[in-house]
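> Can you make the complete structure from the sequences, with help from the hints?
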Amino acid sequence: MENSSKRVLSILTVLILLAVTLTGCTGNEGGAAGKTVTINVFNWGDYIGESTIRDFEDKYPGIKVNYENFSTNEDMYVKIKTGGSAYDVAIPSDYMIKRMLDEGLLNKIDMNNIPNYKFIDQRFKNLSFDPGNEYSVPYMWGTVGILYNKTMVDDTIDSWEVLWDKKYSKQILMPDSERDSIGVTLKMLGYSMNTKNVAELEAARDKLIEQKPLVLAYVVDEVKDMMIGESAAMAVVWSGDAYYCMSENENLEYVIPKEGTNYWFDSMIIPSTSKHQKEAELFIDFMCDPEVAFANADYIGYATPHSEAMKLLDPELTSDRNAYPLMEDLVNCEIFEYPGDEVNKQYNRIWTEVKAD
Amino acid sequence: MKKPWLSYPYILWMTIFIIVPLVLVLYYSLTVKVDGTVVFSLDNFAKVMQPIYLKVLWRSVVLAVASTVICLVLGYPVAMILSGRDLSRKNTLVMLFVIPMWMNFLLRTYAWMTLLDRKGVINLLLGSIGLPQANILYTDWAVILGMVYNFLPFMVLPIFSVLSKIDRSLIEAAEDLGSNSFKVFIRIIFPLSLPGVVSGITMVFMPAVTTFIISKLLGGSQYTLIGNLIEDQFMRVYDWNFGSALSIIMMLMILASMALMSRYDKEEAGGGLI
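Same order as they appear, the protein sequences are chains A and C.
Quick note on numbering: the first sequence equals residues 820 to 1176 in my numbering.
Quick note on numbering: the second sequence equals residues -2 to 271 in my numbering.
Incorrect hints may have been included.
As the list claims (entries may be wrong) - Coverage of chain C stretches by chain A, computed from C-beta distances (three or more under 8 angstroms per stretch; other residues unrestricted):
| id | region |
| --- | --- |
| 1 | 47 to 58 |
| 2 | 106 to 117 |
| 3 | 221 to 231 |
Stated by the list, open to error - Partial pick of chain A residues on the chain C-facing surface, computed with a CB cut under 10 angstroms:
| id | residue |
| --- | --- |
| 4 | E893 |
| 5 | Y1037 |
| 6 | M1045 |
| 7 | W1170 |
| 8 | A1175 |
To be verified - Here are the simulated DSS-like pairs of lysine-lysine, each with C-alpha atoms no more than 25 angstroms apart in a straight line:
| id | chain 1 | residue 1 | chain 2 | residue 2 |
| --- | --- | --- | --- | --- |
| 9 | A | K1164 | C | K30 |
| 10 | C | K116 | A | K986 |
| 11 | C | K52 | A | K1031 |
Read the hints as simulated data drawn from the structure, not as lab findings.
The C-beta atom is built at its ideal place from N, Cα and C for all residues, glycine as well.
As structure tokens, this is what we get:
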């Protein structure tokens, strides 16, 4: 009895000592380096340079980055809207930025704190979703097109219609993302990607349901491995993913179909849930640093809106008009707009019905 | 002997993590937002009854029943082998059966994607011995395979534990009275193992009917199950009301199946030998 209580006592002492010394450690650390702030960054999967986050933390030792991924704009929106965790920087696309702005989910960014903003090309300023350049800083831009494997396809691919060709049954990958899949279908039918006409949307739904038996899978980030591994003949992809795949497998080719497509902008924003506005702005500015922006664009393969970074990139890539289209190449193309809550529900419904069928 | 205060933490836990969420789900399912105000409505449930969603419900039940039946057919013999008399081997076998469960469920499912892929390990092996390729990834077979693989231990373990507890003297008595081994199985072993079978069926059917990740990964998001539909309502569409109504329907389905199973269990096991 005596013995065991002694043992308990000694264990307790050790535990208490440990606790005291450990808390002492963290306390000292915090005191020496100033208070460490953690910012939550919310970005698409596979959408940042390999060492970008680490470089940022090295440059600003007082800031730690908690980095999280999403796979579609809609996923990101719901997570920010429900406010589960307080994100400080997120990188949504055009129409979603407009929606969040309309719903008061964005903080103004003080551009005086983003000196590197001057490097952003004029083409990417004053865009329709943020006309005053007050809420967003462009990150990447690109198009949606068809990535196909030359050895598995013997037609000339220049139209969305090939996605309905029975010859390629179970060889087609579609994006598991409502605006993109519905959008290319609308384009194929000759409608606007931003249609608010329910009859047109339902026509697109019927087309997508008709296509379903031909589709191998609906995927987002998995598309890259599958195309590189030649598990499918063609896929609807975002341009940067296409260029990444092409660099890994030379049988692959990317086209923008003649009916036109969506061209999009992903921009950095600060959600209204942010508790670290200053650090968030530091992060955004860091991402616009010419060296960082170059390393980033070079690694992920998307088109950069950053004029200095563009100069540093391989001229062969930046002169490729599929990767860096000029405005005159984008005649039939549209930027997604947010259609308003009511029509947005129709888009949700159409996609749910396609998937549920 | 009664120490009511001992149950307080449990009651608190239940209230916070079971009662409150249930009430919230019920509240969301019975309301809709009209112009910013919340009003009582049965619209969400009416929506569930639309043919397209009933189709999803039906598909979920069919796939779950199929994988439960396969689990039972595969699992019962395994449980019998495991509960066999050879003790030294038994522990190793049970261990081997349980070890895969230490790995994360998602990882195991991802592993199947690599195995089943068109250029995956299985097809490479088939190809190297001149057999035709099996393209089952992204079909409902792949979904069933994923369910059976992931949930089989939940069928085997309850049956195994019931089988190992069967009183050997009953079997010996039956044998003494002239029963052959088939008759012993039909009249003694199987009826006695029913409680295990019932709990195995419930434990496989429940996760199978509610899964969303297996159908997403192995079905390539083509085979929408009720779990996917619910996930979509919460994560993409932001329609918690409809999502909650779907959840309530699913809970009712599970409750109904459990009630059915427990009745069967009582009749057979209770009225039988125990």
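> Check the structure against each numbered hint from earlier and tell me which ones fail, lowest number first.
No hint contradicted; all consistent.
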